[in-house]
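Novice: The chain contents come next:
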Amino acid sequence: EKPLHIHAAVGIGVVCLVIGLPLWWKTTEVYRVSLPYSDIDQLAQYKIQYGVDVTVISFDEQMVGVDLAALSKHLMESLDRNPIPGDISSRYRTSVKEKTSQESSLLSSCTSLSDLDAKLKEVFKQDHNQYYVILLPQTSQLKVNAPEIGLNRNIFFTKTENDLKQFAGQIAQTLKEVVVREGSVLKAYEAAKGSRNQKFYRLQPDKERMRTVRSHPGYDITFTLVNPQPDIIDAQWDIQHAVRAYLEPLTKQLKKYATVNIQSQVLYFTGLMTKPKTDTQKKEYYYTTKELPLIINPIEANLGSPASNNPELNFLVYVPTRDEHPLHIRDDTGMNLASNAFLSPRWGGIYIYNIPSPPQNASLPVRPSIDMRKVMEIFLFQIRLLFNLLYQGSTSVNLMPVGNKVVADWELDGWLRTHCVENLATATATLQSLAQLLGQISNIVINDDIGQEVQSAVQSIKESYQHLKEGFLEKAFLASRGAIISSEKAFFDPSLLELLYFPEDQKFAIYIPLFLPISFPVFSSLYKACKWFRERKVLTKAKQE
Amino acid sequence: MIFAILLSLSTSVLTVNTADPPVEEFFASNHTNNWAVLVDASRFWFNYRHVANVLSIYRSVKRLGIPDSHIILMVADDMACNPRNPRPATVFNNANQNINVYGDDVEVDYRGYEVTVENFIRVLTGRLPPSTPRSKRLLSDERSNILVYMTGHGGDGFLKFQDSEEISNVELADAFQQMWQKRRYHEIFFMIDTCQAESMFQKFYSPNILAVASSKVGEDSLSHHVDPAIGVYVIDRYTYYALEFLENVQPGSKKTMDQFFKVCPKFQCQSTVSVRTDLFQRDPKKTIITDFFGSVRNVELLTETLNLQDSTAEFSCSKDKCPEEKLQKTSVQLLSYAKQFPMPN
Chain A
1 EKPLHIHAAV GIGVVCLVIG LPLWWKTTEV YRVSLPYSDI DQLAQYKIQY GVDVTVISFD
61 EQMVGVDLAA LSKHLMESLD RNPIPGDISS RYRTSVKEKT SQESSLLSSC TSLSDLDAKL
121 KEVFKQDHNQ YYVILLPQTS QLKVNAPEIG LNRNIFFTKT ENDLKQFAGQ IAQTLKEVVV
181 REGSVLKAYE AAKGSRNQKF YRLQPDKERM RTVRSHPGYD ITFTLVNPQP DIIDAQWDIQ
241 HAVRAYLEPL TKQLKKYATV NIQSQVLYFT GLMTKPKTDT QKKEYYYTTK ELPLIINPIE
301 ANLGSPASNN PELNFLVYVP TRDEHPLHIR DDTGMNLASN AFLSPRWGGI YIYNIPSPPQ
361 NASLPVRPSI DMRKVMEIFL FQIRLLFNLL YQGSTSVNLM PVGNKVVADW ELDGWLRTHC
421 VENLATATAT LQSLAQLLGQ ISNIVINDDI GQEVQSAVQS IKESYQHLKE GFLEKAFLAS
481 RGAIISSEKA FFDPSLLELL YFPEDQKFAI YIPLFLPISF PVFSSLYKAC KWFRERKVLT
541 KAKQE
Chain B
1001 MIFAILLSLS TSVLTVNTAD PPVEEFFASN HTNNWAVLVD ASRFWFNYRH VANVLSIYRS
1061 VKRLGIPDSH IILMVADDMA CNPRNPRPAT VFNNANQNIN VYGDDVEVDY RGYEVTVENF
1121 IRVLTGRLPP STPRSKRLLS DERSNILVYM TGHGGDGFLK FQDSEEISNV ELADAFQQMW
1181 QKRRYHEIFF MIDTCQAESM FQKFYSPNIL AVASSKVGED SLSHHVDPAI GVYVIDRYTY
1241 YALEFLENVQ PGSKKTMDQF FKVCPKFQCQ STVSVRTDLF QRDPKKTIIT DFFGSVRNVE
1301 LLTETLNLQD STAEFSCSKD KCPEEKLQKT SVQLLSYAKQ FPMPN
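Chains as they are written, first to last, in my numbering: chain A, 1 to 545; chain B, 1001 to 1345.
There may be inaccurate statements among the hints.
Over 10 Å on every C-beta distance to chain A, these chain B residues come out as not near it, computed from the model [to be verified]:
no. : residue
1   : Thr1032
2   : Phe1046
3   : Arg1059
4   : Tyr1110
5   : Arg1122
6   : Arg1127
7   : Arg1137
8   : Arg1143
9   : Asp1156
10  : Gly1157
11  : Gln1181
12  : Pro1207
13  : Gly1231
14  : Pro1251
15  : Ser1295
16  : Glu1304
Heads up, simulated BS3-like pairs for lysine-lysine below, C-alpha to C-alpha not over 30 Å straight-line [as the list claims (entries may be wrong)]:
no. : chain 1 : residue 1 : chain 2 : residue 2
17  : A       : Lys73     : A       : Lys26
18  : A       : Lys275    : B       : Lys1216
19  : B       : Lys1285   : A       : Lys207
Hints are computed from structural coordinates only; laboratory data are not their basis. For every residue, glycine included, the Cβ atom is placed at its ideal position computed from N, Cα and C.
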């Protein structure tokens, strides 16, 4: 007799196990693109090195070839000494040479240091990250008593002491602290990297890090004129002209690296909600430093904000009313502040512009126009502080005043360097946390575009590390910018939300009611079939014997 | 002997006065901005008190200085315009109906059915679709202190949203960890007023979180009083006493978080207020309340300025006669109505 039920049971069992089980496994798989986890881990361990090119040109006839060779050796030693150990270090390429005859004629033709500064830039075509240390002779009329840094990438020294080693140390210190700003770069790196391994980690208060706006591909700057009494004092300001005339040098330079959107507005009938104190003796009104923090919040509610996710900086000009005129800011010693302005870190600044009260019989409203030069002087300085363009350490170095150029070339280099490092640290931290999240939770879908963004972010980071090491600052910054845009896009993709109602332990609750009823008959008939085969084997064996 | 006592008293008074923090330390606190995420998770008319809770905290937070742009307010149901509201367009938190907590300038960011667990987690982690407006995003950074207040119906390990879904304490802890990984907060103060509220913060494992809950596991948080004119309970006990405390806080106040934790003892609240401080690195006795509830900014006086040269001479283009502007004007095309739609000829 044909054991049809046995064959049927075996057939069904085979189909279930061989075809059904793999099919079910494949179709309920979560779509996950493979991510370069090992690359991301490697990037996190990488020690960043940034290269800097330094050329020393000696115009000093007293320094002969031997001296220059000794100076070069001492300089290289001092520059390579890294007092701040860590994951980030600098790498200097120095060359020391004597002046050529063309260059010495250049020196004699210049009447002032700024003139020399500009002419040197023409001759040497100083690109990003290339610094020239000019040693001026004691005999020259342009000699400097303290190191002076020009508006381009020239640093002027005059040898005042005979010990070459100490002189080299002085040059190295100026370069490392002021020009390259190693301290700022390290701080930016540490702050952005955070600490993923420490259980109890807390940021320390640091004026520079707290004040600086975080590195972002774009910024929004809004200039506001706050006029509480426009029916009496209708202040006019030509902000368009002022932005074009004074702010443009900065935005033009930054255009390649970050999009800066500038807006302006006028707020009427809005005042500062805090009442100033009265000084009846001098007949003026004033705010002390204790009241200033309370001014910002009420007025911020009226400022509005641009429709983007960029960090925004607000700069306000406040025209006091006729009754509260003149309005000053007093510092802690009780003196009126000369600038009459203050800034709030990562927010912007407020400038109180006192307009003389209109005389008794004037026809109201009077229409005074605001001196935009004074306004922009204050705001540009605040922008330099908020963007961390200004070197703020206390040194014995003279910095040539920037004036209408707003940002010196070497300051821009410093900005690029700190922001590049901050971007890289942030991007690697983001990728690490993303990898950890996706590795931990195995049922999050990873789409193709997320995989692509992660790959491009990893690629850009590698590129940026390479460029940074070789000293190509601009390329490194642009690569780091691409890296941070890609990594943020991948991390904040809306599809990466943790699956809320399908955790691992609840999978059983879903599959058991489906598969258990079917598996009972299949397995029991398979078991019966196996028993039947074994019995048949015993029977045939017995038959054979 | 009396003289000695008087002397010691006077010296102690003097020392109290000099213990005030020095005013010059403008960068004394580590955070630069404050955010608040206030969530009411329950709907229906009889949960009026939860809406009143969250709106009262919203008012306090605004009064102490956090602007609307930094507050994410999620209200799950509309009580002010509810047809059962005998005083339309108002929400009161007290039977004497002194303060209309709805007010004229309330800005609700997530309203009605938009208040879901998914949206709440999206707001916290930042994974919002690109079309989300700025007012619905939590744009905090690593120096933001965030106040997270949640109210509604809860149980052991979960909080009920909209009577149809729930958020578990594990999910909330994971969301905070995601925020920590992406450096989206400096310190978080988590405040929750529901039944068995303590369970919601038991699973937290990210650093720098200070949490307070209105009741322990196994206890219920009770409501305070009913307003016979409206017909429902108008405020919960813990929030009522917390608001009493906050009403006495002014923007420059030096009251500490430790004093805030002592609000609503057992005889007033009938549930035990529990606190979690092990993840928080500072001493709550030294943390002032405006670190989380208000927004006291750091300021820096400007001691020097740039020296600019007058640039009107070189810049000959004024407002009216600028060649670039003329170019801009001519490039503006006037759209005619018919061209915007494909119309049959």
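Novice: Each hint needs a verdict: does it hold in this structure or not?
Specialist: We went through each hint and held it up to the structure:
1. Thr1032: Answer for Thr1032 (chain B): violated, closest chain A Cβ roughly 5 Å.
2. Phe1046: Holds: least Cβ distance 27 Å, greater than 10 Å.
3. Arg1059: 14 Å, holds
4. Tyr1110: Non-interface label on Tyr1110 (chain B) holds, nearest chain A Cβ at 16 Å vs cutoff 10 Å.
5. Arg1122: Label violated. Min Cβ-Cβ 7 Å, cutoff 10 Å.
6. Arg1127: At about 5 Å from chain A, Arg1127 (chain B) fails to clear the 10 Å cut-off, so the statement is violated.
7. Arg1137: Its Cβ does come within 10 Å of chain A, the nearest being 7 Å, so this is violated.
8. Arg1143: 6 Å, violated
9. Asp1156: Consistent with the label, Asp1156 (chain B) stays out of reach of chain A, its closest Cβ about 17 Å off (over 10 Å).
10. Gly1157: Label holds. Min Cβ-Cβ 14 Å, cutoff 10 Å.
11. Gln1181: Given that some Cβ of chain A is not farther than 10 Å from that of Gln1181 (chain B), nearest at about 4 Å, it is violated.
12. Pro1207: Violated: least Cβ distance 5 Å, not greater than 10 Å.
13. Gly1231: 35 Å, holds
14. Pro1251: 5 Å, violated
15. Ser1295: At roughly 6 Å from the nearest Cβ of chain A, Ser1295 (chain B) sits no farther out than 10 Å, so the non-interface label is violated.
16. Glu1304: At roughly 7 Å from the nearest Cβ of chain A, Glu1304 (chain B) sits no farther out than 10 Å, so the non-interface label is violated.
17. A:Lys73 to A:Lys26: 66 Å, violated
18. A:Lys275 to B:Lys1216: 45 Å, violated
19. B:Lys1285 to A:Lys207: Since the Cα atoms of Lys1285 (chain B) and Lys207 (chain A) sit roughly 25 Å apart, the hinted pair holds (cutoff 30 Å).
Comparing the model with each numbered hint stated earlier shows that hints 1, 5, 6, 7, 8, 11, 12, 14, 15, 16, 17, 18 do not hold.
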